[in-house]
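Top line first, the protein sequences correspond to chains A and B. Using this note's numbering, the first residue of the first sequence is number 38, and each one after it goes up by one. Using this note's numbering, the first residue of the second sequence is number 38, and each one after it goes up by one.
To be clear, the hints were calculated from the coordinates, so they are not data collected in a lab. Take these hints with a grain of salt, some might be off.
Pairs involving identical chains hold if they fit within one copy or between any two copies, as the list cannot separate such chains.
Claimed, not checked - Listed next, the in silico DSS-like pairs over lysine-lysine satisfying Cα-Cα at most 25 Å (straight line): (1) Lys320 x Lys84; (2) Lys299 x Lys155; (3) Lys155 x Lys325; (4) Lys84 x Lys325; (5) Lys299 x Lys316; (6) Lys299 x Lys83; (7) Lys99 x Lys155; (8) Lys155 x Lys83; (9) Lys299 x Lys84; (10) Lys320 x Lys299; (11) Lys155 x Lys84; (12) Lys299 x Lys99.
Protein chains: 2
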Amino acid sequence: MGPSRSPDASPSSPSAAVPTFDAMLASYRDLVTPAIIASIPDREPKKHLYALVAEHLARSGKGFRPALCIATCRAFGGRAENAVPSAAAIELLHNAFLVHDDVEDGSEYRRDRPTLHKQHGVPLAVNTGDAMNAMAIRVLKANLALVGPARAWRVLEEFDHMSLETIEGQAMELGWIRDNDCDTTEEDYLLMVLKKTCWYSFIHPCRIGALVAGHEPNDLESLNRYGHTLGTAFQIQDDILNLTGSRTMYGKEIGGDIFEGKRTLMLAHLLRTSGAQDKARLKAFLGKPRERRLPREVAWVFERLAARGSIDHARQVARGFVAKALAEFDATFGSLPRGPDVDFLRALVDAVMNRST
Amino acid sequence: MGPSRSPDASPSSPSAAVPTFDAMLASYRDLVTPAIIASIPDREPKKHLYALVAEHLARSGKGFRPALCIATCRAFGGRAENAVPSAAAIELLHNAFLVHDDVEDGSEYRRDRPTLHKQHGVPLAVNTGDAMNAMAIRVLKANLALVGPARAWRVLEEFDHMSLETIEGQAMELGWIRDNDCDTTEEDYLLMVLKKTCWYSFIHPCRIGALVAGHEPNDLESLNRYGHTLGTAFQIQDDILNLTGSRTMYGKEIGGDIFEGKRTLMLAHLLRTSGAQDKARLKAFLGKPRERRLPREVAWVFERLAARGSIDHARQVARGFVAKALAEFDATFGSLPRGPDVDFLRALVDAVMNRST
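Could you put the whole structure together from the sequences, leaning on the hints where they help?
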């Protein structure tokens, strides 16, 4: 956690040199991290609750979500301070989801370390996720003083929608796995991604940033389109990295999605384009409990995804969403005065595809 | 779900005959149930989310918590309608906790049916609990129109405190079990009960009822004492029923707490008063994973609890809290005009001890 920045060193100061994308991301993180740390209650029970919260939050991610919130707030002429509590709450909610998702998906690695439930057991992990969720609501109380009770409620409504959409997307995904649904189409996948990824990771961070900047609540539709297209590109790329990344860079087990039987765009493509024999073999593999899926079977699925062009297909679809996101960026932010924050929102579109982590 | 009541049929109408405690409880439930049902989104995904939510909510409990909220609101001169959204949200939050607690405790029965995770698996159960938690926040939005944004935020703060206290109490209990802590004292137990039971089941329902009735936020301390003493008596009695009740009446597996290794007042008493040999045997039993605890070992623990007077001791402690709760009732509600709601809050103290379910 860095020292607090003086106004002159702020990345939106016109006198500063043009900051790189990574430097901007770090500067947003520096604004939000103290608020996140401060949200952890300094009291018992530590060993079985708040130490776990702190441990999970310290596995800091890249901080895309709070960055989007603050950048959008400043792009619309708002002050970063007004966005900080909301950005911190978004990151807390994100961590709450991660912990529960890892339990629900049976994931073993997160940010290159064993998942919280692998380290501390499912009971404490579920409870710790609940705590971070409650902490997010608590942090939002600061909005009362910053933007007044009526607008603070509007922000809370965004959180409420964010939570329920994410939970619905997760239910879709878990349901497909539980029922071994092998007819999931690419359209089904894209709806799940809108619900599970786009709303909470992209659309709402932008909307909330605009709201605390004083933007009209009824005038947020174009942010939905920017966040939707960008988030979809992000998730497809995330699925590709799960297959092709290196674990040290990516932080999760490589091929973990295949082990978990996740319905990705690639798997939907493979199921759609495979002959009867391969399809039956895929269905049998996906119908097994996770712990009975063998590494050589996972390797076979990977080989099929590559050979059938499913990975290339996903790359192409992702690039299509990137092109749309660029157009939405122009429509939404193109007429605003340029500056480091608007530049960041533009650069994020490329970063989503070009990342290796 | 009954039809909505006309004002004349309202239990607080002075012209009505004196209603029984059970009739009052049913009348509060009739006010709140429609709001709970209406909170379930009528959209997909149903099979893997909202059908599970509906299924869990339909296993309706006795409805003590919403009843406390509405009764306190009316006792302080407020209108029941103003308390209904908050009471519904309390019941949703309660159900969210139940589902996660059952996962965390490895419980097998709830309200005489298999727990949600036993029926649908841990992943969907954890996600369904998250949904009911988010739905609770959504329902509270109605307070904006009923009591204005500032007081609606005060109610939300009560919810926030309610959640985090409950989560802290659960962390204490899970931590004792995970670490096989055999030095848990009766004082530790009572602190855990304050956190895990009293705040969310008794204190906050009363405080929120008073708040929506227009009571001063700074004048709620005596409600804390009423809820604390009543809630402690309730939980000790709950633990006793877990050992001595009949499953059909009580709805959970009898002796389940011993299987789960729960640290109760009775177990703390037994550990404190046992000789070295029994204590070592108890410690060895509690140190095993749940699935390796044998029914004959559970029977032995039960026999020791009875023989050592641990159950009688717990009954006596519970009776002490009932006496305190009656004194707190007099201090808090004694000077208010009598009526069915005030009578209900008085009768609840006896009902907590005299129940068999």
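Hint check:
1. Lys320 x Lys84: Only across copies: Lys320 and Lys84 sit 21 Å apart there, 43 Å inside one copy, limit 25 Å.
2. Lys299 x Lys155: Cα proximity of Lys299 and Lys155: in one copy and across copies (20 Å, 23 Å).
3. Lys155 x Lys325: The answer is both: 22 Å in one copy and 19 Å across copies each meet 25 Å.
4. Lys84 x Lys325: between (37 Å within a copy, 21 Å between copies)
5. Lys299 x Lys316: Classified as within: same-chain Cα gap 16 Å, cross-chain 48 Å, threshold 25 Å.
6. Lys299 x Lys83: between (35 Å within a copy, 20 Å between copies)
7. Lys99 x Lys155: Within. Shortest intra-copy distance 22 Å satisfies the 25 Å Cα cut-off; inter-copy 37 Å does not.
8. Lys155 x Lys83: The answer is within: 19 Å in one copy meets 25 Å, while 30 Å across copies does not.
9. Lys299 x Lys84: Between. Shortest inter-copy distance 18 Å satisfies the 25 Å Cα cut-off; intra-copy 34 Å does not.
10. Lys320 x Lys299: within (12 Å within a copy, 43 Å between copies)
11. Lys155 x Lys84: Classified as within; 16 Å inside a copy, 29 Å across copies.
12. Lys299 x Lys99: Classified as within: same-chain Cα gap 23 Å, cross-chain 40 Å, threshold 25 Å.
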